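> Using the sequences and the hints, build the whole thing.
Now for the letters of each chain:
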Amino acid sequence: MNRHSWREVKRQLRESGPAGLVAVVLVMVGSAWGGLLWTVHGWVHTELLAGDRQTTVVAVTRSEGEAATLREALRSRFPFVAAVSLTPRKVQEELAGWFPELSTVLLTLDERSFPPILQVDVAPGQEEAIASFLRSRPEVTLVESSRSWQARLEQAVSRFFLAGLVLALTLLVGCGAVVLLVVRLLVLNHADEIAIMRLIGAHEGDIRRPYLVSASILGFAGGLLGAMLLVGLEFALRTALPALAVEHWLLAALAPAGGLTAAAGAAFGLASLPREP
Amino acid sequence: MIHLENITKSYNGRPALRGISANADRGEFLYLTGPSGAGKSTFLRLLYRADLPDSGGIVVNGADLLRMRRRDVAEFRRRLGVIFQDFKLLRRRTVAENVTFVLSLLNLPDKDQQRRAYLVLKQMGLQHRMNAFPDELSGGEQQRVATARALVLQPDLILADEPTGNLDPERSHELLELFKTINYQGTTVVVATHDRGLIEAHPARTLFLDRGSLVKDGWGSAS
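Chains as they are written, first to last, in the working numbering: chain A, 1066 to 1342; chain B, 452 to 674.
Treat each hint with caution, since some may be false.
Straight-line Cα separation of at most 30 Å, DSS-like style, residue types lysine-lysine; simulated pairs [as the list claims (entries may be wrong)]:
hint, chain 1, residue 1, chain 2, residue 2
1, B, 631, B, 667
2, B, 562, A, 1075
3, B, 573, A, 1075
4, B, 573, B, 631
5, B, 562, B, 631
6, B, 562, B, 573
Incomplete in silico selection of chain A near chain B, CB under 8 Å [to be verified]:
hint, residue
7, 1068
8, 1119
9, 1258
10, 1261
11, 1264
12, 1265
13, 1266
14, 1267
FYI, nobody ran anything at the bench for these hints, they're computed from the structure.
Since the structure is predicted, the reported quantities are computational estimates derived from the model, not experimental observations.
Even for Gly, the Cβ is constructed at its ideal location relative to N, Cα and C.
Structure representation (structure tokens):
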């Protein structure tokens, strides 16, 4: 890139006008969304779906007395397990303890919303035998294990992530398409000039490079703004989700990713350039 | 320097050149003349490979244009100085940028570009218009910028299509004198013109074209 090429880049950035601005905004939104999706996905898997968590099986009973009876029966059948009867109030506190990220919400609910339960902490792999035993008892109205909740949550998160990924890809393609249109528009406006440049000895690279650089700058700027938007979102969400943290490499990658996306769009846009005979 | 062998070219079925064969040696000065539509511009376009002939062979400056790879075309054109009838200046660039652009393609240092551009523009009497844009110039000034751009590379071959078309007689003769001087230094010059007065004032070998055919290869302006 020589001085002429950089001046041409400046001219093209000026000429891209509102369409260029739309491209920047799209890249910003797309990169921020992609970054947020990645961050939330990582947070859910680390904080909520960690595989090494101790499994807890809970059996819901109609009364606290039935919970005590059930505990005795369980101890006689599985002497090695630790089981405790929990009052509704205790259940509420325990749930808040399991999911500290949701504790604010859980602790505001009415105590009567929670039933008396028997809580059994078991090593991973034993929960099926204990859950089967509890289901067979007449005192029990419902048996749940944290593992099954995790599985359901994981399924829901996967669906959400997939939908988010589709949206991110759509935005990515949209960014590329807008940059493609911007470059095509510029190429159309500069058709005569491009023909002249060829006639006086410019290589295809000399002609195409400024367009690719201009588009990359638009994409890079969009990615940079996207990174700033993501940092802002992180701060906004930190009060509700303290463990949510955007990784530094992700922030650093957004601007180059935006630049690359835009450059790819520009490369497609330049495909419309007529060739030498 | 130039070798054309039985060249034919037509556009949309209408013949523009019919079986032209001609040669020009290195260091030769050559006029190309004939009435409008005779095929002068087509002849020149084939020489700088803006078009390819329908049949025949062309060798220019040692390069066989029909066998030339696309990626070699730019290098080939950098050894030519072409002055276009419609100037073909870069509208969004200043006079100085129009001239230095071709030098930048050779990756010359900025200072060298500026110096060479200034010298050639001074030679054309345009040193005071270096920062003007083409649309701010008169037709004659634009023609001189186009000439400056062609000369600044010190090419092996100059192809000029009606280079005096927008110049007053005094400027026209000055330009022809300049071409002659450059020609004496060894550069081959081909000037397409319909100005017989100019050919009479600066006689040289002349190819006469009429309706796409080469009707005479002689000296000076002849009917």
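> Would the hint on residue 1266/A stand, with a C-beta cut-off of 8 Å toward chain B?
holds, 4 Å
> Holds or violated: are the alpha carbons of residue 562/B and residue 573/B at most 30 Å from each other?
Distance of about 16 Å is within 30 Å: holds.
> Assess, step by step, whether the Cα of residue 631/B is no farther than 30 Å from the Cα of residue 667/B, and give holds or violated.
Measuring from Cα to Cα gives roughly 22 Å; hence the hint holds.
> When you check the alpha-carbon spacing of residue 562/B and residue 631/B, does it fall within 30 Å?
holds, 29 Å
> Tell me if the straight-line CA distance from residue 573/B to residue 631/B falls inside 30 Å.
Satisfied, since the Cα-Cα distance of roughly 18 Å is no more than 30 Å.
> Holds or violated: residue 1119/A as interface residue toward chain B, Cβ cutoff 8 Å?
violated, 67 Å
> Let's test the interface hint: is any C-beta of chain B closer than 8 Å to that of residue 1264/A?
Since chain B brings a Cβ to about 6 Å from residue 1264/A, closer than 8 Å, the hint holds.
> Against chain B, is residue 1265/A within 8 Å by beta-carbon distance?
At about 5 Å, which falls below the 8 Å cut-off, the nearest Cβ of chain B leaves the hint on residue 1265/A intact, so it holds.
> Given residue 1261/A was flagged as interface, is its beta-carbon under 8 Å from a beta-carbon of chain B?
holds, 4 Å
> Does the nearest C-beta of chain B fall within a distance shorter than 8 Å of the C-beta of residue 1267/A?
holds, 6 Å
> Have a go at the residue 1258/A hint: is there a Cβ in chain B nearer than 8 Å to its own Cβ?
holds, 5 Å
> Take a quick look at whether residue 573/B and residue 1075/A sit within 30 Å of each other, Cα to Cα.
It holds: about 29 Å lies between the C-alpha atoms, which stays within 30 Å.
The structure fails to meet hint 8 from the earlier list, while all remaining hints are met.
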